[in-house]
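Keeping the supplied structure of chain A fixed, place chain B upon it in accordance with the hints.
Read off the chains here:
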Amino acid sequence: MDMPNKKYPLPRTEEKHLHQVGKPLVRTDARGKSEGKTRYAGDYVMPNMLHAIVLRAPMASATLKRIDASRARALPGVACILTGDDTSAHDAATDLPGQTGRQRLNTDNQILVRTRVRYHGEPLALIAAETRAIAEKARAMIEFELEPLEGVYDPEEALKPGAPIVQSHDNIVGSHKIRKGDIEKAFKDADHIVEKTYRTQFIEHAFLEPEVGMAWVDENDVVNIRVSTQVIEHFRTIAEAIGVAHNRVRILGALVGGGFGGKEDITVEVYLALLALATQRPVKMVYTREDSWFGHGKRHPFVIKYRTGVTSEGKITGSKIDIVADAGAYVFLSPYVLLYCALASPGPYRVDNLQVDSVAVATNNMFTSAFRGFGACQAAIAHEQQMDELANTIGMDRVEFRRKNYLKKGEPIATGFCVESEVWTEQCVDQAMEALGDKSPARGPLRIGQGVAAYQQSYGRLTMMHDTSECWVGIEMDGTVVVRSGVTDIGAGQGSALCQIAGELLGVPLERTVIYNSDSAVTPLAGTSTASRALYMTGMACKTAASALRERMIKRAAKELGVQIHHVDLANSKAFVVGRTEEFITLKELVGHCARDGIHRSELAQFNAPFTDPIDPETGQGRVHPDYVYGAQAIEVAVDTDTGEVTVLKSVAAHDIGQCINRAAVEGQIEGGTAMGIGYALSEELIYKQGQLMTPSFSEYLIPTAEDTPLEHTSIILESRSGLGPFGAKGIGEPALTPVAPAVANAIADAIGARVLDFPVTPEKILKALEASTAVTT
Amino acid sequence: MTNIKPVTLEINGRQETIAAPNNMTLLEALRELNHFEVKCGCEKGDCGACAVLIDGEAVDSCLMFAHSAVGQPVTTLDGLARNGDDQHPLKKAFVEKGAIQCGYCIPGMMIAAQSMLNKNPNPSKQEMREGLGGNLCRCTGYNKIFDAIEAAASELCGGGKG
Chain A
337 MDMPNKKYPL PRTEEKHLHQ VGKPLVRTDA RGKSEGKTRY AGDYVMPNML HAIVLRAPMA
397 SATLKRIDAS RARALPGVAC ILTGDDTSAH DAATDLPGQT GRQRLNTDNQ ILVRTRVRYH
457 GEPLALIAAE TRAIAEKARA MIEFELEPLE GVYDPEEALK PGAPIVQSHD NIVGSHKIRK
517 GDIEKAFKDA DHIVEKTYRT QFIEHAFLEP EVGMAWVDEN DVVNIRVSTQ VIEHFRTIAE
577 AIGVAHNRVR ILGALVGGGF GGKEDITVEV YLALLALATQ RPVKMVYTRE DSWFGHGKRH
637 PFVIKYRTGV TSEGKITGSK IDIVADAGAY VFLSPYVLLY CALASPGPYR VDNLQVDSVA
697 VATNNMFTSA FRGFGACQAA IAHEQQMDEL ANTIGMDRVE FRRKNYLKKG EPIATGFCVE
757 SEVWTEQCVD QAMEALGDKS PARGPLRIGQ GVAAYQQSYG RLTMMHDTSE CWVGIEMDGT
817 VVVRSGVTDI GAGQGSALCQ IAGELLGVPL ERTVIYNSDS AVTPLAGTST ASRALYMTGM
877 ACKTAASALR ERMIKRAAKE LGVQIHHVDL ANSKAFVVGR TEEFITLKEL VGHCARDGIH
937 RSELAQFNAP FTDPIDPETG QGRVHPDYVY GAQAIEVAVD TDTGEVTVLK SVAAHDIGQC
997 INRAAVEGQI EGGTAMGIGY ALSEELIYKQ GQLMTPSFSE YLIPTAEDTP LEHTSIILES
1057 RSGLGPFGAK GIGEPALTPV APAVANAIAD AIGARVLDFP VTPEKILKAL EASTAVTT
Chain B
3 MTNIKPVTLE INGRQETIAA PNNMTLLEAL RELNHFEVKC GCEKGDCGAC AVLIDGEAVD
63 SCLMFAHSAV GQPVTTLDGL ARNGDDQHPL KKAFVEKGAI QCGYCIPGMM IAAQSMLNKN
123 PNPSKQEMRE GLGGNLCRCT GYNKIFDAIE AAASELCGGG KG
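If you read the protein sequences in the order shown, they are chains A and B.
Residue numbering for the first sequence is 337 to 1114, as defined by this note's numbering.
Residue numbering for the second sequence is 3 to 164, as defined by this note's numbering.
Where hints are given, some of them may not hold.
With a straight-line Cα cutoff of 30 Å, these simulated DSBU-like cross-link-like pairs (lysine-lysine) come out [to be verified]:
hint: 1; chain 1: A; residue 1: Lys-524; chain 2: B; residue 2: Lys-121
hint: 2; chain 1: A; residue 1: Lys-513; chain 2: A; residue 2: Lys-524
hint: 3; chain 1: A; residue 1: Lys-641; chain 2: A; residue 2: Lys-651
hint: 4; chain 1: A; residue 1: Lys-473; chain 2: A; residue 2: Lys-401
hint: 5; chain 1: A; residue 1: Lys-745; chain 2: A; residue 2: Lys-521
hint: 6; chain 1: B; residue 1: Lys-121; chain 2: B; residue 2: Lys-46
hint: 7; chain 1: A; residue 1: Lys-473; chain 2: B; residue 2: Lys-127
hint: 8; chain 1: B; residue 1: Lys-46; chain 2: A; residue 2: Lys-1025
hint: 9; chain 1: B; residue 1: Lys-121; chain 2: A; residue 2: Lys-373
hint: 10; chain 1: A; residue 1: Lys-524; chain 2: A; residue 2: Lys-373
hint: 11; chain 1: A; residue 1: Lys-895; chain 2: B; residue 2: Lys-7
hint: 12; chain 1: A; residue 1: Lys-373; chain 2: A; residue 2: Lys-359
hint: 13; chain 1: B; residue 1: Lys-94; chain 2: A; residue 2: Lys-359
hint: 14; chain 1: A; residue 1: Lys-775; chain 2: B; residue 2: Lys-127
hint: 15; chain 1: A; residue 1: Lys-359; chain 2: B; residue 2: Lys-127
hint: 16; chain 1: B; residue 1: Lys-46; chain 2: A; residue 2: Lys-473
hint: 17; chain 1: A; residue 1: Lys-473; chain 2: A; residue 2: Lys-524
hint: 18; chain 1: A; residue 1: Lys-521; chain 2: A; residue 2: Lys-401
Honestly, the hints are just simulated from the structure, not real lab data.
Excised from the complex, chain A in its bound form:
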């Protein structure tokens, strides 16, 4: 539901005379999915295809003394078995997705274990056979001997001198500092100092489609890989890992059955490529759900300590923040997730005196990497609970306390960068709380609580990565539109949005546009569908291409219609004279004229994000991201004080997303983010004991079901049109999730008058917190 805005009159989409941008249109991919016609990566078969599986290490820290696949190789129907010895020449870079060519040294991971096992589930061997059943039988016949090694499973332990070494010489795989103002003076100026430590847990993406792909070597020796991925640009990293030239690996994406960051790193691609090269046959690898728990990095657990000074009038004087992240056994994107967390740790507030120290630490737990929100989620869980604790300490209303500290447009964030787009945190918090309304009445053992959380979430990748995106737009001879973009569509409607943008500018309805996407060989490289960047970057590339084409079409139409260029507009597949719509030429006719005149009917454009050098490592000052999204979530819960059970009664999300492209898709992101955040706060936790995963199923790892959705939900979508994306759009993929979990935690604390500092906030912990608070008050 779109709420009327009383306090802050805003420009509306309609006023801009947009024909389709901003409307809740049916996405171009919806119909095929509804009919079951959409082919996901696992729905392809090829003649003569082999079936491949992975043998995984059953313990977290060990030395591989011996591996012998000779018996398994002799099994009829087995085509190929690869072990660490067969891949010893190569490593797989785990660093930034291949687009930029940037890579830190000594962070690669072994493709298959050579001697050292660093995490439970690390691959020991790859098996390809005529059938999956034969492959499974062969896997059981591979003999191997593991000698357990002392491991380390707690990042704080891993930092201590003498701790077992997992990576590098001290287990530190990433660190960032922020130094700003005078932190000692800030504490002197404070009337109160609040110190709290917040802990977050390992989280699983739980996309419904497990990792899957198929590879084959073609007549040009190109290794083709059709795979479920967020990043087709990995073809470069894959090529280096398997030892071929970049132009001999082609990634064909498919529509992705959910990603959320879990398909941002390479998953099955290198395995498939090696097996296809070794056998010269098509090879398919379908992860089981069980494989998926071990097959991709998880969300980092964080320990975040705050020491915050505040005056009695409610002004934050400064914050000292210490952050420790569990990177697990390999580096992957940990240093960048850590940077996001450090940068976001003061929240969307003006904190002039700031000292942040953060480290990502290797352990023998499952490796951790990208997950929707990318460190800013963990920061929000901490800073928003800390804001409530500060407000409680000085006896001030939580919203009023926030109001005294909001970061405003043009003011410096943690890294000193001044945000140029609108910063509508205050509007979002106020509107969310207003829509949440009065507290529902408590009854029986049920206590009602309300909570709010605000956030700052970047959109667009790190500016030091020099992100770019290409897009091709063309008009066919019948006036239909074709878009070509490498963008992967991971379910948010990335492809449909580009059709809408091109259609808007060329005056062609959505049903007459089509997109070809996600093929590293034939669609222009558009960059990753990660970091809430897809709409911003690929949308701008598409808009740039379509605008150039529009200009040429209008120029030719003006000649035909006998008017000046600025009197011509395009809509409904026609070029017409503004104000005299009866004077028109159809797009089909216009394209015919262009063809006869040799006017180029397509355009390839590249869009560049702002480029910067890396930030100062000593102070953490500088520009890190292109821009930021601001917003808030308000939540009302009922807590059963007998059982500790939490029911989310009401949820209101308010985000300034700049500009909707497809309003229904934006609502979908917000509603899905809300559910995911509720799971993050209440029920989801991957439990590792000595590195062993104890919760490898959906009956042990509990994501929200239809029964766990809020009884009432409202999405308030504000459009400041101030973003760097097409038509002033920002991004919504990650922001939709970021404030939800802390809002739930704050609502529970409000309900029970006590706070659970360790996520998730389970019934058991709630009952303990209730007991403790009763013990104190009696």
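Okay, now just chain B, sitting in the frame of chain A:
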């Protein structure tokens, strides 16, 4: 050794035969027979992505052996159809209400919805929450799925030709 025997199944009103080991699940058989509209999410009956209708009721096809489905007509998403060009009301409503994001859970979700509507043509929101409790979706937060089922239910009741 696994015992492989031909098994003939009735899928969406058509007889289809496959050489099936006795431990082959209905899910494996359906996908082997190119019914790729049936999705595999967990193979443990936890997620509902592979649901099909048997006797009008949603069943996780990963929990049933192909041989056990003999003589029990199976309906997949493809079988949810109307004569003529019109989309099935559930499919139409899921499209129009924006209930589909990545779409991977959708075949199972629509089967569960049809199963629920077979028993209860006008479910309340609470009944929908319970009726879809066995089908996981990670993208949508379920809100628009409820909206779609509500719209489809009213068309199925109103139209009278469900």
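Hint by hint, here is what the structure shows:
A distance of roughly 68 Å separates the Cα atoms of A/Lys-524 and B/Lys-121; the hinted pair therefore is violated under the 30 Å criterion. The hinted pair formed by A/Lys-513 and A/Lys-524 meets the criterion: a straight-line CA distance of about 22 Å does not exceed 30 Å. Taking the CA atoms of A/Lys-641 and A/Lys-651, the gap is about 20 Å. The hint holds against a cut of 30 Å. Restraint check for A/Lys-473 and A/Lys-401: the C-alpha separation of about 23 Å stays at or below 30 Å, so the hint holds.
Of the supplied pair hints, the one linking A/Lys-745 and A/Lys-521 holds, its CA atoms being roughly 26 Å apart against a limit of 30 Å. Restraint check for B/Lys-121 and B/Lys-46: satisfied, since their Cα atoms lie roughly 25 Å apart, inside the 30 Å limit. Of the pairs offered as hints, the one joining A/Lys-473 and B/Lys-127 is violated, with about 47 Å between alpha carbons and a cut-off of 30 Å exceeded. Simply put, B/Lys-46 and A/Lys-1025 have alpha-carbon atoms about 23 Å apart, close enough for the 30 Å limit, and the pair holds.
Between B/Lys-121 and A/Lys-373 the alpha-carbon distance is near 28 Å, which keeps this suggested pair within the 30 Å criterion. Taken as a hint, the A/Lys-524 and A/Lys-373 pair is broken in the structure, with Cα atoms around 66 Å apart against an allowance of 30 Å. This hinted pair does not check out: A/Lys-895 and B/Lys-7 have alpha carbons roughly 73 Å apart, beyond 30 Å. Annotation: proposed proximity of A/Lys-373 to A/Lys-359 holds, straight-line Cα distance about 26 Å (limit 30 Å).
Distance hint between B/Lys-94 and A/Lys-359 is fulfilled; the C-alpha atoms sit about 19 Å from each other, no more than 30 Å. In summary, the hint linking A/Lys-775 to B/Lys-127 is supported, as the alpha carbons are separated by about 22 Å, within the 30 Å threshold. For the proposed pair A/Lys-359 and B/Lys-127, the alpha carbon gap of about 27 Å is at most 30 Å, so the pair holds. Pair hint B/Lys-46 plus A/Lys-473 holds up; C-alpha atoms about 21 Å apart against a cutoff of 30 Å.
A C-alpha spacing of about 69 Å is found between A/Lys-473 and A/Lys-524, which places the hinted pair above 30 Å, so the restraint is violated. In summary, the hint linking A/Lys-521 to A/Lys-401 is not supported, as the alpha carbons are separated by about 57 Å, beyond the 30 Å threshold.
The earlier numbered hints that this structure contradicts are 1, 7, 10, 11, 17, 18.
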